[in-house]
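Residues per chain are reported as follows:
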Amino acid sequence: MGKITTEVSKQRETGIGYAGRIFGQIQNVIDETGGQSGALIRVLQQAQGLIGYLPPPVLKTISRDLKIPLSEVYGVVSFYHFFTMVPKGKFIIQVCLGTSCYVKGGRKVLATLKKDLGLEPGGITPDGKFSLETVRCLGCCGLSPVIAVGEDVYRKVKAGDLKDILSSYK
Amino acid sequence: MKPLSSLDELLNLRDQIQKRLAERDKKIQVKVHLGTCGISSGANKILEAFLREVEARKLSDVLVLKAACIGLCGREPVVTVIPYVGDKTVYFDLTEDKVPRIVEEHLIGGKPVAEWAIDLDSPLFQLQEIRVMRNQDINPMNIEEYIARDGYLALAKVLTKMTPDNVIEEIKKAQLRGRGGAGFPTATKWSFVRSSAGDEKYVVCNGDEGDPGAYMNRAVLEGNPHSVIEGMAIGAYAIGNVRQGYAYIRAEYPLAIETLSHAIAQAREYGLLGKNILGTNFEFSIDIFPGAGAFVCGEETALLMSIEGKRGSPRPRPPFPANKGLFGKPTTLNNVETWSDVPSIILKGADWFASVGSEKSKGTKTLCLVGKVNNTGLVEVPLGTPLGQIVFDLGGGIPNDKKFKAVQIGGPSGGVIPTEHLNTPVDYEAVTALGAIMGSGGLVVMDEDSCMVDVARFFLQFSTDESCGKCVPCRAGIPKMLEILDKISQGRGTMDDLKVLEELAKMIISTSLCGLGQTSPNPVLTTLRHFRDEYEAHIIDRRCAAAVCQALFRAPCQHTCPVELDIPGYVSLIKEGRFEESYRLIRQRNPFPSICGRVCNHPCETKCRRGQLDEPVSIRHLKRFAADYVYEKGLEYLPPIAEKKEERIAIVGAGPAGLSAANDLTRHGYQVTVFEALPVAGGMMAVGIPEYRLPRDILNREIDVIRKMGVDIRLNTPVDDVDALLKDRYRAVFIAAGAHKGDNMGIAGEDIEGVYDAIDFLRKINLGKEVKVGKKVAVIGGGNSAIDAARVALRKGAKEVHIFYRREQKDMPAIGEEIKAAKEEGIHIHSLAVPVRILNGNGKVSGIECTRMELKEFDRSGRRTPYPIKGSEYTVNVDMIIEGIGQRPDTSFIKNGSVKVGRGGTIVADRRTLATDHNGIFAGGDVVNGPQTVIEAIAAGQRAAYSIKNYIEGKAFSPILERHDWENIPVSTIPPAEQETQPRARVKASEIPIAKRKTSFDEVTLPYSEKEAMEEASRCLRCDLEAGEG
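Read top to bottom, the protein sequences are chains A and B.
All the letters of the first sequence, read from the start, carry residue numbers 1 to 170 under our numbering.
All the letters of the second sequence, read from the start, carry residue numbers 1 to 1030 under our numbering.
Hints are not guaranteed to be accurate.
[Unchecked claim] When the alpha-carbon atoms are kept at most 35 Å apart in a straight line, the in silico DSBU-like pairs for lysine-lysine are as follows:
#1 B/K856 with B/K769
#2 A/K115 with B/K27
#3 B/K844 with B/K988
#4 B/K88 with A/K115
#5 A/K156 with B/K173
#6 A/K156 with B/K157
#7 A/K108 with B/K856
#8 B/K487 with A/K158
#9 B/K796 with A/K108
#10 B/K27 with B/K2
#11 B/K58 with B/K27
#12 B/K403 with A/K108
#13 B/K173 with B/K856
#14 A/K60 with B/K310
#15 B/K988 with B/K796
#16 B/K996 with B/K955
#17 A/K88 with B/K487
#18 B/K45 with A/K88
#19 A/K90 with B/K45
#20 A/K158 with B/K173
[To be verified] Facing chain A, according to a computed beta carbon distance under 10 Å, are these residues of chain B, among others:
#21 L120
#22 P123
#23 L127
These are computed hints drawn from the structure, not numbers from a lab.
Think of the CB as a built atom: it goes at the ideal place given N, C-alpha and C, for glycine as much as any other residue.
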């Protein structure tokens, strides 16, 4: 409730709604980096950082302002694993399935998460709190198996630890 | 900070900083290592704890500093304490609660807390050569600490004293090869770019370290970022016309991006990047380009496309990036580590760099040692270090006493290196010769619990996901290979599939557009090359030895058991208190439950998944419990026997293989006669295994059941003409004569009175014959026969028993529990000792002369080869020697080549059908395979019976043994309750007191009570109830 009230009062103050503000920020990003060659990927990264995903209206704006055909923009978005056109959860759970984590039980960790959250990789919980993904190596192989939740990295994860880990995210 | 505008200013600054740091460091330094792994392990909390303590106790002579990761990944959080005078201490596995004690005892009291400190004399440290990782112990966020260590002096030297061609010449002399994987000579690459036409060129750093299992680039970016910046600047100068560099770093490395970014900003501030660097007219800047999660962008042309803002699709070469690269301009792309090596080559010289390494691979390489290895982490070794040394000396070997299987090197483009090649030097040439590639140097160690088919499948899944999709061979070919591997791992493969895999691989390698496609079949090809029999086992036997491919089995314990005993079933029945039914379930597949419940080497327990939680379920002891219960209550029964058939079968040898075959054949209705040369039945169970492990009445009870089924066991009846049996009245013959002949050592003095062979000795004792046992007995060997002989000698009156084994104790092939029991009974085990001469004292043994051994290179079994140490001979006084170094079959009864006899006197028989080259004669067990275990012999007997039945009925043979369970015993399908899956130790089996053990042949291990058995059985996780893949 609190967040909505803040948004409403902000709109009353500035005359610009939430969407408008986001587009404003994206515009700034484009203005700053738009002149550089190869700016597209960086703009997309920053835009996704602002909203959490890349819905079609944002892609259209970027395409128009960077003067890159929408099909090419879409081609880039769909190529890189990091970009998503569907919203992700508030906390993204990444289960590492790199070789070392795989060999040391990563699959069991994934299976437990799938069961507990009722999700397949790529899915998002109905309340929008968690989405589940697999990644191919977070580079912490010395501490396999590894998962990341948001920006936190957990090491030597056992299936039994997962309940506690997840419950600490509100 | 005013930008530095000359070499002199830099040198002055360095001197000033060094002076300042020297003053600062006149304190006790506490360096907290803060790499990504450290932070995720709580290193920040450790840092705060130290700061708190130091502040609270007002320790003005202690300095708490931040440092980067030093590669002890498996032991994070790590803290190094460096006193002003004296040696440093490295603490590992730290927790906040340990900090106060370190502060108290070490920082204040001056005495390190030894139990929390790592042994810096261990091979892990002594075998490393730290060059690239040289700055991991300083703060990467402070450029001054880098400058204090001669940072940027190489750049200054290059700008003021060397021409670009000089620089390339030096790099060439050093023979620096690209550290990203291909190992292409760096100087050559730079020369190409230098000589390309154009006045706008680029240098790029490839930080898209995508290989799962490799993270050394991340460690360098997080810990030694300035070395990369300096290297790139030097490269830019050497190539000429380079004003802009890019560092492409994976988005999955946020700390690396942040650290490098900060380092670039500081370098700029100090005038070491930007315009007019150090007052010269050289200008150079670096921009960071974060990746977006595409493995293929580690490929050169794909990476450049990505920087240009496009899809990361590789493009054909020529034109090479050296001519047309980023934005169409000449570009050099080098790996993070390659760049990091450059400044030290310039500063310390090419000769210094090339002073380590092998002939064609100079210098050091950082390697990520991960997977099933004790010391996981980052190590840096000279190129050419043998793989075995890295895994076993640096890595500390395989955890949990598991067996090494292979090292996967080079990520998805690489391959596996198996046990036979542990002596391979890790350098570019040797690794390529084995079909793998060095890659970025990620070494994933795999043990017996890894399935090679599954590993190949894993990598193909990865490559399928990461293929950019541009070219057909990769886009369509790799998923096709994956499809075939899926088939094989689900038990639907055919031998033809292996041919197709190899053809597809060849095609994909030769026609793919880029390195990803060209190398993605490598994991399949190397696993096929080195582990072909594993593929064949999946296809023909539908067996996954590592118990990984879930579609092939119900539970790993059952799958590993040679007779496929329904272990979860019988354990669950015990848990429910249905002991008799448990026995009946076991009896369907194992004719000797009481015996196996005492002497089996339990391969099932090594695969028990409970073992990953706490300890494996006591499967063997539970089996004994169920069997003993039934026999005590007189509930044993005879299995149903089919209608009598007219065919007669002859079996040579009443050991476990022979009797097991007799059991099965009789059940099918055949008339079986077993010929046994000895006066007792049971083979090694009767004349090899001592009574304190297997009481005679237990043994005979179970053999009697076989007799009661109608098997005619003829004792004292050796067979000397197998052909005659066939000609006589027997339709088929199964030779299961075992391996009862002890090997000789072949040293002087073996004929002296008092020297025995272990097999003979054990047989005589078991048959009740008199054997004079000495007072001080030497037993030679490390297998079960040697341990048995030693423990028997002790019980027969020896005052001292000494076992001499030529390798280390951990390599002894005997069952672990036996070795432990022997030591508990006071038997001495001398490792790395081999007898060379037996000494004669008045016609009897008086002593033994031994030499000490040292271990050198690895042999094909993955154990180090022992060599005698010259001049290390020593004498031990003994009055009896028992040689238990090996045994082989005595097939002298095979006459006139009636069946083929091969190496070591073993009979040659097909592995699956057990057929020999003589129609109607089958052979199995120790007589074919050399000494193995009771359960393997029982399984061989079952296979022989199956083959013989098919032979008689004229049916085709199938490698999948059809088992005829005659009773359907319902087993609970309720999975274990939550609290049953909480960690708790095994219920220990009690043993009789040691004093009593040494003087009697009473059974040492005591049975479980009913309560104990049910409690232990409740630890079973019921893996058979888990549907689908884990």
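Status of each hint after checking the structure:
| no. | hint | verdict |
| --- | --- | --- |
| 1 | B/K856 with B/K769 | violated, 43 Å |
| 2 | A/K115 with B/K27 | violated, 53 Å |
| 3 | B/K844 with B/K988 | violated, 44 Å |
| 4 | B/K88 with A/K115 | violated, 48 Å |
| 5 | A/K156 with B/K173 | violated, 44 Å |
| 6 | A/K156 with B/K157 | violated, 46 Å |
| 7 | A/K108 with B/K856 | violated, 39 Å |
| 8 | B/K487 with A/K158 | holds, 30 Å |
| 9 | B/K796 with A/K108 | violated, 51 Å |
| 10 | B/K27 with B/K2 | holds, 30 Å |
| 11 | B/K58 with B/K27 | holds, 13 Å |
| 12 | B/K403 with A/K108 | holds, 22 Å |
| 13 | B/K173 with B/K856 | holds, 34 Å |
| 14 | A/K60 with B/K310 | holds, 17 Å |
| 15 | B/K988 with B/K796 | holds, 28 Å |
| 16 | B/K996 with B/K955 | violated, 56 Å |
| 17 | A/K88 with B/K487 | holds, 34 Å |
| 18 | B/K45 with A/K88 | holds, 30 Å |
| 19 | A/K90 with B/K45 | holds, 25 Å |
| 20 | A/K158 with B/K173 | violated, 50 Å |
| 21 | L120 | violated, 19 Å |
| 22 | P123 | violated, 18 Å |
| 23 | L127 | violated, 18 Å |
In this structure, the hints that do not hold are numbers 1, 2, 3, 4, 5, 6, 7, 9, 16, 20, 21, 22, 23, in rising order.
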